[in-house]
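Trainee: Sequence lines, in order, name chains A and B. Per this note's numbering, the first sequence runs over residues 1 to 364. Per this note's numbering, the second sequence runs over residues 1 to 331.
For the record, the hints were derived by calculation from the structure and aren't laboratory data. No experiment lies behind these values; they were computed from the predicted model shown. Careful: at least some of the hints might be erroneous.
DSBU-like cross-link-like pairs, simulated, lysine-lysine; straight-line CA separation at most 35 Å [what the hints assert, rightly or not]:
1. A:Lys100 to B:Lys302
2. B:Lys199 to A:Lys100
3. B:Lys199 to A:Lys106
4. A:Lys26 to A:Lys64
5. A:Lys111 to B:Lys229
6. A:Lys208 to B:Lys199
7. A:Lys106 to B:Lys302
8. A:Lys127 to B:Lys229
9. B:Lys302 to A:Lys127
10. B:Lys199 to A:Lys112
11. B:Lys199 to A:Lys72
12. A:Lys127 to B:Lys199
13. A:Lys16 to B:Lys199
14. A:Lys107 to B:Lys229
15. B:Lys229 to A:Lys106
16. A:Lys102 to B:Lys229
17. B:Lys229 to A:Lys119
18. B:Lys199 to A:Lys103
19. B:Lys199 to A:Lys210
20. A:Lys102 to B:Lys199
21. A:Lys119 to A:Lys26
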Amino acid sequence: MEVVMRDVVKRFGNFKAVDNLNLTIKDGEFMALLGPSGCGKTTTLLILAGLYKPDSGEILFDDKIVNDVLPKDRNIGMCFQSYALYPHMTVEENIAFPLKLKKLPKKEIEKKVNEIASKFHIEHLLKRFPGQISGGQQQRVALARALVKEPNLLLLDEPLSNLDAGLRISMRAEIRRLQKELGITTVFVTHDQAEAMSMSDRIAVMNKGKLQDIGTPEDLYMRPKNKFIAGFIGNPPMNFLEVGYVLNGDEIMLKGENFELSLPREISMNFMKKQNNERVILGIRPEHLSIGIEAPNTIKGEIFVVEHLGRDKLVDVKVGNDRIKVLTGQNFEGKMGDIVNVHLDLKNIHLFDADDGNSMKWAG
Amino acid sequence: MPELEAEICENVRAKKASMEGLHKFLKALPFLGPFLFLIILFYLVPVTLTFIMSLTSMDYTLEWNFVGLENFMRFFQDSSVKIVIFNTVKYVVFTLIINVGFGFLLAIATSYFIRNENIMLLFQTIWMLPRMTPPVVYALLWLWFLDPTEAGMLNSLLGKLFGLPAQNWILNHPMKVVIIANGLIGVSLAMVVFSASIKSIPPDYFRAASVDGASDWDIIRYVIIPFLKWPIMFMTIWQTLSLITSYEYILLITDGGPLNKSEVWSLFSYHKAFSNYEFGYGAAISMVLVILAVIIAIIMLKVFGYDAIMRRGNIDSTRGDADDKRKNVAF
Ligand SMILES: Nc1ncnc2c1ncn2[C@@H]1O[C@H](COP(=O)(O)OP(=O)(O)OP(=O)(O)O)[C@@H](O)[C@H]1O
Ligand SMILES: [Mg+2]
Numbered sequence: 001m002e003v004v005m006r007d008v009v010k011r012f013g014n015f016k017a018v019d020n021l022n023l024t025i026k027d028g029e030f031m032a033l034l035g036p037s038g039c040g041k042t043t044t045l046l047i048l049a050g051l052y053k054p055d056s057g058e059i060l061f062d063d064k065i066v067n068d069v070l071p072k073d074r075n076i077g078m079c080f081q082s083y084a085l086y087p088h089m090t091v092e093e094n095i096a097f098p099l100k101l102k103k104l105p106k107k108e109i110e111k112k113v114n115e116i117a118s119k120f121h122i123e124h125l126l127k128r129f130p131g132q133i134s135g136g137q138q139q140r141v142a143l144a145r146a147l148v149k150e151p152n153l154l155l156l157d158e159p160l161s162n163l164d165a166g167l168r169i170s171m172r173a174e175i176r177r178l179q180k181e182l183g184i185t186t187v188f189v190t191h192d193q194a195e196a197m198s199m200s201d202r203i204a205v206m207n208k209g210k211l212q213d214i215g216t217p218e219d220l221y222m223r224p225k226n227k228f229i230a231g232f233i234g235n236p237p238m239n240f241l242e243v244g245y246v247l248n249g250d251e252i253m254l255k256g257e258n259f260e261l262s263l264p265r266e267i268s269m270n271f272m273k274k275q276n277n278e279r280v281i282l283g284i285r286p287e288h289l290s291i292g293i294e295a296p297n298t299i300k301g302e303i304f305v306v307e308h309l310g311r312d313k314l315v316d317v318k319v320g321n322d323r324i325k326v327l328t329g330q331n332f333e334g335k336m337g338d339i340v341n342v343h344l345d346l347k348n349i350h351l352f353d354a355d356d357g358n359s360m361k362w363a364g
Numbered sequence: 001m002p003e004l005e006a007e008i009c010e011n012v013r014a015k016k017a018s019m020e021g022l023h024k025f026l027k028a029l030p031f032l033g034p035f036l037f038l039i040i041l042f043y044l045v046p047v048t049l050t051f052i053m054s055l056t057s058m059d060y061t062l063e064w065n066f067v068g069l070e071n072f073m074r075f076f077q078d079s080s081v082k083i084v085i086f087n088t089v090k091y092v093v094f095t096l097i098i099n100v101g102f103g104f105l106l107a108i109a110t111s112y113f114i115r116n117e118n119i120m121l122l123f124q125t126i127w128m129l130p131r132m133t134p135p136v137v138y139a140l141l142w143l144w145f146l147d148p149t150e151a152g153m154l155n156s157l158l159g160k161l162f163g164l165p166a167q168n169w170i171l172n173h174p175m176k177v178v179i180i181a182n183g184l185i186g187v188s189l190a191m192v193v194f195s196a197s198i199k200s201i202p203p204d205y206f207r208a209a210s211v212d213g214a215s216d217w218d219i220i221r222y223v224i225i226p227f228l229k230w231p232i233m234f235m236t237i238w239q240t241l242s243l244i245t246s247y248e249y250i251l252l253i254t255d256g257g258p259l260n261k262s263e264v265w266s267l268f269s270y271h272k273a274f275s276n277y278e279f280g281y282g283a284a285i286s287m288v289l290v291i292l293a294v295i296i297a298i299i300m301l302k303v304f305g306y307d308a309i310m311r312r313g314n315i316d317s318t319r320g321d322a323d324d325k326r327k328n329v330a331f
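Turn these sequences into a full structure, and let the hints steer you where they fit.
Mentor: Given below as structure tokens:
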């Protein structure tokens, strides 16, 4: 089922929790809704489920406006952030509940419940009450309940937040496989960008109730449209340095507190021109930085701390009042207090407007 | 040998537990003390006095002549007792249905369907009025409302709307009047308790149920009622016990009449003691009622699974008593 949100606004009093949202989710697509806490993700899901009425705008399921269709008639499966498992029903009764309301025959209900329970590895918990199973198990029961009725649209509100790292990774794959197998259009809310990147066909990034951008994980990672997306997607996050902008012929000079970078023509032509001496923000990911010998077009700084990440080391370098993170190999030997030269992979730098945060890269 | 060891262990553990119990009780005494004192003063002392009095033939002379169980024998042979018991059961059951049932409906209407704080407050205040009115005033309002003449409020209303002839409501339907008047007082309490409980159900449960395809009726049946099991149970026990022993509104509205048509147990005892000055006999009637009330309370607590409620707050015992919970869910 294709889902379209058109100019959707939801207010709580004067506060706009969802601000003019336009979103198209294609049939069978797995869409992640990514954003920091309080940005309106849950509110968006509740609007799709019909539990909140939008103050303005339209929701379309397969070209039909469903603004006035009741939640119970939308055939949606939803997994709540709080799980919302009924404490007075056993796990089995919980999962069977949507089917019972559909008045399916007992035999069929039993069969479907057992099927889905074995998919989510909860067969042995069926007779227990939600209060008698762990948080991770509850989450899987909630998922099973959302999926058991084979909904047209699946809404998942942070369904993996309570699982341990191992289980989370295996559940990611499990959900993804089930979703593809059943071809259910899915909206998956998360504030974990790694989860969004690894699972989704496309990601919609939200901030403060507004849609920031929507695209494939690779798109958002390689060509962030603004500073918010650039900082939110990718781990460890992108480094930002505020610099002065000087146009020197075809070359751009970026002037920091105690460094100067000149971008050669083939790189500077990727960016929109600005007035001389305007402030811009230089963005570069830790994996596009390295530590090397003293040379022009590098940034000199002092090592503040070295973090071990297992495979790599993350070196925190103090540059003036700013700190930048550099990803280095395991064999990096630098210590706290060492003065180092940070080399930039200039092909991978981003420039953002200091005022509105928009990327200065030419689109397309 | 291992069995013996186990037994010894068990004994030691039991002893330890009882010591711990005593210790705990002593620690709690400063907190329980005032309540224990009040319970003894206002409950145990009167019950004991009533019991002693019930063994006497005390009359207006106020002399303590012990006559053994004579009063009790008389009670079980008294010809009015049958109708009194019948009235009491009718009174308690039907008043309870109005109290709890109507309170539940109002709570659902105001806190599930309307969900507007102001309307809810208005409703609750209106229903609270009879409770805030002194019993005498409330009873007078009913007497005035049911006045047997043409000018009586209900009579003139029915006369104007449907052309019905005036009638003496209290004389013709004493039990119904008593039940409705008492029922309406209790409604507010049940409504407030149930509304608060409905509002404390996390909204995600209602949302999950709607998304799962539940209609309003399904939500009431599968979500609200199970969540309200404990408050409903509490209200039922509480109201049963207070109805069994209450008589002031009946006294004021019908005084048990006409003849014994609306005489209930506690009022019967009152009449014997304070109208006939048969204090000994009155005390015996109360005594039987007290014993009966205690038995009813114990049965109700057992039926509703009092243990399970008390254990509910206890974190380490919530796991593993699935069978227990299962049993209670049936209600
Ligand atoms: N019923 C409500 N009344 C008033 N404000 C609300 C209500 N529900 C949500 N909000 C506000 O709307 C904003 C968005 O809330 P929402 O629950 O959609 O956030 P979220 O993106 O799901 O956050 P999280 O990741 O923490 O779950 C928040 O600022 C929240 O305070
Ligand atoms: Mg949320």
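Trainee: State for each hint whether it applies.
Mentor: Now for the hints, and whether the structure bears them out:
Distance check on the hinted pair: Lys100 of chain A and Lys302 of chain B sit about 31 Å apart at the alpha-carbon level, within 35 Å; holds. With a C-alpha separation of about 26 Å, the suggested pairing of Lys199 of chain B with Lys100 of chain A holds against the 35 Å cut-off. Restraint check for Lys199 of chain B and Lys106 of chain A: satisfied, since their Cα atoms lie roughly 33 Å apart, inside the 35 Å limit. Between Lys26 of chain A and Lys64 of chain A, the direct Cα distance comes to roughly 14 Å. Compliance with the 35 Å bound is thereby established for this hinted pair.
For the hint linking Lys111 of chain A to Lys229 of chain B, the alpha-carbon distance of about 31 Å falls within 35 Å, and the restraint holds. A threshold of 35 Å between alpha carbons decides the hint, and for Lys208 of chain A with Lys199 of chain B the separation of about 29 Å falls inside it, so the pair holds. Taking the CA atoms of Lys106 of chain A and Lys302 of chain B, the gap is about 33 Å. The hint holds against a cut of 35 Å. A hinted pair counts as satisfied when its Cα atoms are at most 35 Å apart, and Lys127 of chain A with Lys229 of chain B qualifies at roughly 21 Å.
With a C-alpha separation of about 25 Å, the suggested pair Lys302 of chain B and Lys127 of chain A falls inside the 35 Å cut-off, and the hint holds. The straight-line distance between the Cα atoms of Lys199 of chain B and Lys112 of chain A is roughly 34 Å, inside the 35 Å bound, and the hint therefore holds. Among the hinted pairs, Lys199 of chain B with Lys72 of chain A is consistent with the structure: their alpha-carbon atoms are about 22 Å apart, no more than 35 Å. Between Lys127 of chain A and Lys199 of chain B the CA atoms are separated by roughly 29 Å; this keeps the pair inside 35 Å, and the hint holds.
Proposed proximity of Lys16 of chain A and Lys199 of chain B is supported: the alpha carbons are some 25 Å apart, at most 35 Å. For the hint linking Lys107 of chain A to Lys229 of chain B, the alpha-carbon distance of about 30 Å falls within 35 Å, and the restraint holds. A hinted pair counts as satisfied when its Cα atoms are at most 35 Å apart, and Lys229 of chain B with Lys106 of chain A qualifies at roughly 26 Å. Annotation: proposed proximity of Lys102 of chain A to Lys229 of chain B holds, straight-line Cα distance about 25 Å (limit 35 Å).
Restraint check for Lys229 of chain B and Lys119 of chain A: the C-alpha separation of about 34 Å stays at or below 35 Å, so the hint holds. Note on Lys199 of chain B and Lys103 of chain A: the hinted pairing holds, with a Cα-Cα distance of about 29 Å set against a maximum of 35 Å. Of the pairs offered as hints, the one joining Lys199 of chain B and Lys210 of chain A holds, with about 32 Å between alpha carbons and a cut-off of 35 Å not exceeded. Using a Cα cut-off of 35 Å, the hinted pair Lys102 of chain A and Lys199 of chain B holds, with the two alpha carbons roughly 27 Å apart.
Proposed proximity of Lys119 of chain A and Lys26 of chain A is supported: the alpha carbons are some 26 Å apart, at most 35 Å.
The structure agrees with every numbered hint stated previously.
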